[in-house]
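Under our numbering, the first residue of the sequence shown carries the number 1, and numbering increases by one thereafter.
Think of the hints as simulated: they come from the structure by calculation, not from any bench. Warning: the hint list may mix true and false statements.
What the hints assert, rightly or not - Below, simulated PhoX-like cross-link-like pairs (lysine-lysine); rule was C-alpha separation at most 20 Å, straight line:
#1 Lys243 / Lys207
#2 Lys236 / Lys214
#3 Lys40 / Lys160
#4 Lys141 / Lys33
#5 Lys214 / Lys141
#6 Lys190 / Lys160
#7 Lys160 / Lys243
#8 Lys69 / Lys6
#9 Lys207 / Lys6
#10 Lys125 / Lys190
#11 Lys22 / Lys33
#12 Lys190 / Lys207
#13 Lys207 / Lys160
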Amino acid sequence: MMLQFKQRVVPTSLIDIMQRVKGLKSSSLELQKIIRAMNKEADLSPLDGEAVKNIAGLQFALRQFAEEKGLAAMAVQCWTAIQEVYGISSCYALGRLTDAGLLTACEVDIYGALTMLVQHSASLKTTRPHFIDWTIQHQEKNNVFLSWHCGNAPPSLVCKGCSINVMSHSILSKPLGKGNTVGTAEFPLKPGVVTLNRLTERDGRFKMLITTGKILQPNQALRGSWSWVQVENLDKLYRTLVKEGFTHHASLIHGDYTTAVREACELLAIDTVIV
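Let the hints inform the model, and build the full structure from the sequences given.
So this is what it looks like as structure tokens:
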């Protein structure tokens with residue numbers, strides 16, 4: 001990636017980021033501005049004041065680091081160190097960063113962050129993507145899968161009339177405790193046509209998966225940030241993921257950007273796998 005595309009990867013540690021958070025006073029104007037915005041868009045009632053400060057501080061610190069280093073996107077180690085040491089989950093902060101135009105992926109997935117960046121650029125930066133897991137098939141409906149992650153979706157993607165609830169992590173709260181894992185923004189995404197992409201690399205050769213689908217109107221109460229996505233042929237899509245070596249992570253964006261992504265890949269000498 002660095003050789004072919006001249007991309008610059010700047011590593012840092014959670015300790016360095018959280019040291020920035022510790023240096024913030026509760027009365028900080030920047031911190032208070034973020035906390036007011038969080039309270040306007042989401043239900044923070046399960047969180048105590050320290051957790052709210054740490055989540056807002058994490059957003060501020062990551063943004064500060066990105067601006068200092070001139071970053072366009074980030075991939076963050078989101079479990080389990082941050083829960084065990086600092087008592088929060090990073091999901092809500094990551095979603096808010098993506099909403100602000102700093103594309104942020106989970107689980108230190110660098111190529112996932114680049115996929116988000118490609119999608120965001122394809123939309124001319126008008127639409128925010130959602131970094132997802134796409135491995136769960138609907139139990140009853142054909143050609144429908146769960147587009148899901150723990151609670152990292154940009155709040156602007158919430159479905160009409162739905163609320164955003166900031167909660168304890170639906171998975172990590174069991175081994176680590178609810179009080180140590182607060183910070184997941186949980187809500188269904190708005191329905192509509194979406195594009196799904198995934199960039200991967202093997203032996204210096206890059207390829208991009210391109211497919212489209214449709215988010216269905218939500219009619220359930222599920223954990224995490226989620227949507228049921230209907231595609232033309234889910235069996236073919238899943239076979240392609242396995243055969244072509246794509247991972248369980250992808251990026252989803254509202255709208256059909258197939259042409260823009262395909263043409264960008266042609267210019268960048270990235271192979272395309274279209275399903």
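Tested hints:
With a C-alpha separation of about 13 Å, the suggested pair lysine 243 and lysine 207 falls inside the 20 Å cut-off, and the hint holds. This hinted pair checks out: lysine 236 and lysine 214 have alpha carbons roughly 16 Å apart, not beyond 20 Å. For the suggested pair lysine 40 and lysine 160, the alpha carbons sit about 16 Å apart, so the restraint of at most 20 Å is met. For the proposed pair lysine 141 and lysine 33, the alpha carbon gap of about 43 Å is over 20 Å, so the pair is violated.
For the proposed pair lysine 214 and lysine 141, the alpha carbon gap of about 14 Å is at most 20 Å, so the pair holds. For the given pair, lysine 190 sits about 7 Å from lysine 160 by alpha-carbon distance, which is consistent with the 20 Å threshold. A hinted pair counts as satisfied when its Cα atoms are at most 20 Å apart, and lysine 160 with lysine 243 does not qualify at roughly 38 Å. With a C-alpha separation of about 15 Å, the suggested pair lysine 69 and lysine 6 falls inside the 20 Å cut-off, and the hint holds.
Distance restraint check for lysine 207 and lysine 6: the Cα-Cα separation of roughly 17 Å lies within the 20 Å cut-off, and the hinted pair is therefore satisfied. Between lysine 125 and lysine 190 the CA atoms are separated by roughly 18 Å; this keeps the pair inside 20 Å, and the hint holds. For the given pair, lysine 22 sits about 17 Å from lysine 33 by alpha-carbon distance, which is consistent with the 20 Å threshold. Between the alpha carbons of lysine 190 and lysine 207 the distance comes to roughly 29 Å, so the proposed pair goes past 20 Å and is violated.
With a C-alpha separation of about 35 Å, the suggested pairing of lysine 207 with lysine 160 is violated against the 20 Å cut-off.
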